[in-house]
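If you read the protein sequences in the order shown, they are chains A and B. Under my numbering, residues 1 to 326 are what the first sequence spells out, in order. Under my numbering, residues 327 to 625 are what the second sequence spells out, in order.
Hints are computed from structural coordinates only; laboratory data are not their basis. Don't be surprised by glycine CBs; every beta carbon is placed ideally from N, CA and C. A few of these clues could be false.
Stated by the list, open to error - Residues of chain B clear of chain A, computed beta-carbon distances all greater than 10 angstroms: (1) L384; (2) D385; (3) L387; (4) D564.
Unchecked claim - Quick look at which bits of chain A chain B covers, simulated, 3 or more residues with Cβ under 8 angstroms: (5) 38-45; (6) 92-106.
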Amino acid sequence: MTSLDVSTDAPRRPFEGRRVRLGDLILQGAAGIAALGALVLVGLIVWKVVQGARLSLSTYGLPFIWHNIWNPVLGHESFGAGSLLYGTVVTSFGALFLATPIALGVALFLSELAPPGIRGPVTALVETLAAIPSVVIGLWGLLVLAPVLRDHVDPALHTGLGFIPLFGPPGSYGSNVLTAIVVLTIMILPIIASISRELFLSVPVELKEGALGLGTTRWEMIRGVVLPYSRGGVAAAIILGFGRAIGEAIAVALVIGAVTQINVNVFNPGYTLAGIIANNYQGASSGIELSSLVYCALILLVFSILVNLFAQFIVRRTNRRLGGRR
Amino acid sequence: MSAADARVLQRPHDRLRRRRLVNRLLELLAWLAALLAVFFLGVVLWSVARRGASALNLDFLLKSQQSFAPPNVEQGLANAFVGTFVIVGLAALMALPFGILIAIYVNEYAPRAIRSVVNLTLDVLAGVPAIVIGIFVFGLIVIAHGQSGYAGAFALAVLMLPFVARATIEVLALVPDSLREAALGVGAPRWRATLGIVLPQTIGGVLTGATLAVARVAGETAPLLFTSSLVATGTQWDPSQPLQTVPVAIFELSESAEPADHARAWAAALVLILFVMFTSLAARWLAARSRRKIARAGR
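Construct the complete structure from the given sequences, taking the supplied hints into account.
Here is the structure:
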């Protein structure tokens, strides 16, 4: 990096008497404006979303976030995001709960265990899973997964785990909170897996071999060397997966059943912030409904920015602790 | 040898056995996790291929959607294919130069502090949910000018931008400094060194990033739902009008009650998945090729 720094300083301090070249001025100016443009773009996004939500912000204020009512009927309009926020949190945490162990298993398999011959193909397959468009996963979730869950998995879960309130009596709809959780799990699994795989691969071979040389089993080496070394990055990967899950609109809108109610039983339909925007924004019947939907988008935007900053914070802190690696 | 001695001798062996057992068990779980991931992919691909292939024919590819058509009329999604082509193409045209310029600034000009600010901005932008981008472009363009292909393309370009910029930053960092120094050393002005020597080295990497970004946004529904979805009948090439796209068509068809619409949704999903897989493969090939080229240039 040092030699690069020398060269970047060079044109800013030209030799005495040498004119600043027009071409340099233009390229540096254009590139600088483009970089500034990215900052402006983020600012513009925040500003436009706040502007769209202004009517709802001034009508309902902060209590909008926890008020559990969504009534778009003309003349009786009243809006609050409580049930949507609940649905968003339950589906995202549920998906995270299911996806994290599987994703870490996949990542360990691909980085430590897989025989060389199948490592490449399976890595490619996991990346393919990440590339499937959300609308296709939603279509599959609605027409294939939901009936299977309704007929086989939901009743079995209720029989086995019915003492937990989450697994109450199965409903008659395949489109419910559990279906959304499974769909989100499939979507965030490859994200967490592929980031974690890269982190595990970046663990220095000397450390791994040192542990194995001391007579540890492979799992003890993973637990003692690989996981502690990549802990921060893996946490960031999980947080990024969480961010993806709360923001997913299309697949969730298709499979969650679209009911604005808080229901502990995951076999009942529900809704999420992103899902209700996808379904209702186009056909909103009043200005206040439209504005309330933008308020939901504002909550999502704030969530996503916080989640990203937090993930970056963790990554930077870990890098510092590991002695300025990179 | 007493019985107690035998137990003492036995103990380390038992511990080793337990450690090996735990190791075996967790290795098995990792294998199962990988199998499960591949199984999910297999099930999704198989469902789409089986249901999509039966509805996939020449009419599907060449005829357009018709509103209020009797169910026995053969319909296709030609309008959606054309719309996706136009909108994604326009989005790439908007995002590519912008993203490359940002990368040039970050890698070649920016002081360290500003570099990390721009990087953080790109990360935040990449994390904004696609549906929020849709709302943003609705407020920025659609409220004043109505839906159009341009509005949809702009929304997709916002999604592409951080991808393109980050991919370009990564490959620019791979270009050896010896090349920059050689160009500056023979008296080339800095802008010519950057545009004429450094940037051409990265073309493969930039194309890879662009291809991956195209593959990703071609399947995006959420940003187009409010920006380019209220479409007229028939195939439309003009981006000043709202254009139908493949993902939006799938979303609408899947919510219909008609089995014929579901069949068309599956066929469209099959085409979309094939396109995404093909472009991802192409990107992989490009990436391997450009890495070889940069490595050669450094020698």
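Verification of the supplied hints:
1. L384: holds (23 angstroms)
2. D385: Correct as stated: the minimum Cβ-Cβ distance to chain A is 21 angstroms, above 10 angstroms.
3. L387: holds (18 angstroms)
4. D564: holds (22 angstroms)
5. 38-45: Answer holds; 6 residues pass the 8 angstroms Cβ test.
6. 92-106: holds (count 6)
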